[in-house]
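> Sequence:
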Amino acid sequence: MGKIRILPDVLCNKIAAGEVIERPAAVVKELVENSIDAGADNITVIIEGGGKKLVEVTDNGEGMDREDALLALERHATSKISSPDDLYRIGTLGFRGEALASIAAVSRLRMVTRSRGEELGTEVFVEGGTIREVNDTGCPVGCRVTVRDLFFNLPARKRFLKAETTERYHIVDFLQRIALAYPGIHFRLCQGSKIVFDYPKTGDLSRRVGQVLGWDIAEKLVYFSGERDGYRFQGFISPPELTFPSWKHLYLFVNGRSVRDSTLSRIIRDGFSGYIPADEYPAAVIFLEVPAELVDVNVHPTKREVRFREPSRINGLLGDEIRSALSRIDLARRSLPGKKFTSSSVYCAEQSLNTLLKPREVERDLKLEERITRWTDNPDFFARLQYLCQIDGTYLACRDEKGIVIIDVHAAHERILYNRLSRTSFPLMSQRLVRPILVELSAEETERLEDRCETLKVLGYDVDKLDMSAAMIRSVPAILPPCRHDAVVKDLIKTLDHGLGISELVDLFVKTVACHNAIRGAAYLREEEIKWLLTEMDREMEVLTCPHGRPTWIRLTRQEVDRLFKRT
1 MGKIRILPDV LCNKIAAGEV IERPAAVVKE LVENSIDAGA DNITVIIEGG GKKLVEVTDN
61 GEGMDREDAL LALERHATSK ISSPDDLYRI GTLGFRGEAL ASIAAVSRLR MVTRSRGEEL
121 GTEVFVEGGT IREVNDTGCP VGCRVTVRDL FFNLPARKRF LKAETTERYH IVDFLQRIAL
181 AYPGIHFRLC QGSKIVFDYP KTGDLSRRVG QVLGWDIAEK LVYFSGERDG YRFQGFISPP
241 ELTFPSWKHL YLFVNGRSVR DSTLSRIIRD GFSGYIPADE YPAAVIFLEV PAELVDVNVH
301 PTKREVRFRE PSRINGLLGD EIRSALSRID LARRSLPGKK FTSSSVYCAE QSLNTLLKPR
361 EVERDLKLEE RITRWTDNPD FFARLQYLCQ IDGTYLACRD EKGIVIIDVH AAHERILYNR
421 LSRTSFPLMS QRLVRPILVE LSAEETERLE DRCETLKVLG YDVDKLDMSA AMIRSVPAIL
481 PPCRHDAVVK DLIKTLDHGL GISELVDLFV KTVACHNAIR GAAYLREEEI KWLLTEMDRE
541 MEVLTCPHGR PTWIRLTRQE VDRLFKRT
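Count the sequence shown with the UniProt record's numbering and you get residues 1 to 568, in order.
Hints listed in this document are in silico derivations from the structure and should not be mistaken for laboratory results. None of these values were measured; they are calculated from a predicted model. Cβ atoms here follow ideal geometry from the backbone N, Cα and C, with glycine treated the same way. Some clues are possibly wrong.
Stated by the list, open to error - For lysine to any residue, the following SDA-like pairs were computed, each having C-alpha atoms within a straight-line distance of at most 25 Å:
{"id": "1", "residue 1": "K457", "residue 2": "D467"}
{"id": "2", "residue 1": "K566", "residue 2": "R555"}
{"id": "3", "residue 1": "K490", "residue 2": "D279"}
{"id": "4", "residue 1": "K53", "residue 2": "F152"}
{"id": "5", "residue 1": "K402", "residue 2": "S422"}
{"id": "6", "residue 1": "K220", "residue 2": "L564"}
{"id": "7", "residue 1": "K494", "residue 2": "P482"}
{"id": "8", "residue 1": "K457", "residue 2": "L428"}
{"id": "9", "residue 1": "K158", "residue 2": "T130"}
{"id": "10", "residue 1": "K457", "residue 2": "V506"}
{"id": "11", "residue 1": "K53", "residue 2": "K220"}
{"id": "12", "residue 1": "K248", "residue 2": "D229"}
{"id": "13", "residue 1": "K53", "residue 2": "F125"}
{"id": "14", "residue 1": "K457", "residue 2": "T495"}
{"id": "15", "residue 1": "K531", "residue 2": "L428"}
{"id": "16", "residue 1": "K158", "residue 2": "E22"}
{"id": "17", "residue 1": "K248", "residue 2": "P291"}
As the list claims (entries may be wrong) - Distance windows between CB atoms, simulated:
{"id": "18", "residue 1": "E450", "residue 2": "E527", "range": "47 to 53 Å"}
{"id": "19", "residue 1": "E529", "residue 2": "K162", "range": "32 to 38 Å"}
{"id": "20", "residue 1": "I195", "residue 2": "G230", "range": "37 to 43 Å"}
{"id": "21", "residue 1": "F160", "residue 2": "G256", "range": "30 to 36 Å"}
{"id": "22", "residue 1": "W532", "residue 2": "D464", "range": "36 to 42 Å"}
{"id": "23", "residue 1": "S442", "residue 2": "R399", "range": "26 to 32 Å"}
{"id": "24", "residue 1": "W532", "residue 2": "T495", "range": "29 to 35 Å"}
{"id": "25", "residue 1": "M468", "residue 2": "F160", "range": "17 to 23 Å"}
{"id": "26", "residue 1": "L438", "residue 2": "A397", "range": "21 to 27 Å"}
{"id": "27", "residue 1": "K566", "residue 2": "D296", "range": "53 to 59 Å"}
Take these sequences, add in the hints, and give me the full structure.
The following block contains the structure:
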């Protein structure tokens, strides 16, 4: 007798469940996406035990009749696609026809549903993939799916589930992401009888961003949008002064689907290069609409990943717009909210996972776009500041009608030099030194120098190795003022890597030179030097941060000072 056999449907469904249903959050994902595809605008999710004991999703969508309700529990039964060509222009969230069958195979599932026009609804009870009961029942139009005892028949898989708080975190994370993608849907999450969050539906995307991220963050975000070559995008990004230690506040959506995409993350991070430190991350909520035939959502069974046919076009489109938006942000010229908003219209439980919205009365503007103040026509903003004093030879303290302005001298000068050097054409002309400069090197630095001599020549440096502990600089870039060329060369030897493109190479060189030539700390400036610095800051469009992402200046308003002294 042969060894190869056809697996029974129950076992096939369990295998499929292992691919699609990884944890309770996956159950929530599949059921909520089905609700959205069914046209629901009110979705309530109830969980117990982090979803391990209970997940219940109720919607007011179009519902199903008895025939469809039973067919939906069969594997590969779907209303979303009908031909192979449909796989390449998918416009719905679900389409595989595996969700309900996979969930039912590893749980005790009860579904109650009624379609519009039907007098009675249908109730179906499934246990471990086997239908136990089918009854007529009275119920509203829509669908309610109750999933209990997930993985009760797969004890090995059940043991790999995490703690209740961890599983609840993944559920909250998914629901917040899907809520951002569909502001026109009312989402509610309950832990047993306790409300975790309640996001009323809204036609204003900025309001939904505030509901999910919290107004403390949302009021600082900058809106941007654009369209090119069939690609459309819009989103919100944080200004350079608002950063986080991880990508916790990154929300990416492609054609309404929440995704985690390394390509898009890199584009965003590159867009912030020079505005924030390398170990910090911005907040971003970005929606990208791509022609269906130019994006593949079939990369992963859970549809969390996508693949673009033209990633370079997205890089140019999104990256350019982020850099353009950042270049127009003025950290200190924000208008106050004009419209009133009270948090009573958004409820979030005190002990919810992220405590995103604290119940308190606040005034908020509903349109973030209206609260964003872009760069204004104020060509002599810095020059008009009233100079007060220098602080430790590092900062300039100035004032205007709005409060105190503190300028980091080194960071501001470094940004000015960086901007000017960035406008220089490469390769650089070299200037031969009458007296070559000796550079002391470690054995490792000497070894790296041998591979980088040609690259240094492109940057204007002619460096010869003398022995294993020293080298000689014979030519330097002609455009550079007198500086410690030995320190610049040593830094370049350490940081230059093979494979850098010309743009990355030039940017690294310019950053290094600007840093070494900028005014150092504890250097007290004369009055004419202060005037020069302030005037030069006005001449540059981008002086908000140094090339490494640190702010060049900050403002302290009277209200902020009062808060520091607890006078408010």
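> Holds or violated: are the alpha carbons of K53 and F125 at most 25 Å from each other?
At roughly 17 Å apart (the allowed maximum being 25 Å), F125 and K53 satisfy the hint.
> Measure nothing beyond the straight line between the CA atoms of K566 and R555; if it is 25 Å or shorter, mark the hint as holding.
Given that 25 Å is the threshold and the Cα spacing comes to 18 Å, the pair holds.
> Does the Cβ distance between K566 and D296 fall inside 53 to 59 Å?
Given range 53 to 59 Å: holds, Cβ gap about 56 Å.
> Determine whether the Cβ-Cβ distance between I195 and G230 falls within the hinted range of 37 to 43 Å.
Check passed, 42 Å falls within 37 to 43 Å.
> Quick check: does the Cβ-Cβ distance between L438 and A397 fall within 21 to 27 Å?
violated, 41 Å
> For the pair M468 and F160, does the Cβ-Cβ distance stay inside 17 to 23 Å?
violated, 54 Å
> Run the distance test for K53 versus K220: straight-line Cα separation, threshold 25 Å.
violated, 39 Å
> Has the given pair, K457 with V506, been kept, meaning a C-alpha gap of at most 25 Å?
holds, 12 Å
> What's the verdict on K53 and F152, does the C-alpha distance respect the 25 Å limit or exceed it?
Holds. K53 to F152 sits at ~10 Å (cutoff 25 Å).
> For a C-alpha distance cap of 25 Å, please report whether K402 and S422 respect it.
violated, 33 Å
> Given the proposed pairing of K158 with T130, does the C-alpha separation stay at or below 25 Å?
holds, 20 Å
> Need the status of pair K220, L564: alpha-carbon distance at most 25 Å?
Holds - the C-alpha atoms of L564 and K220 are around 20 Å apart, at most 25 Å.
Hints 5, 11, 12, 15, 17, 19, 23, 25 and 26 from the earlier list are contradicted by this structure; the remaining hints agree with it.
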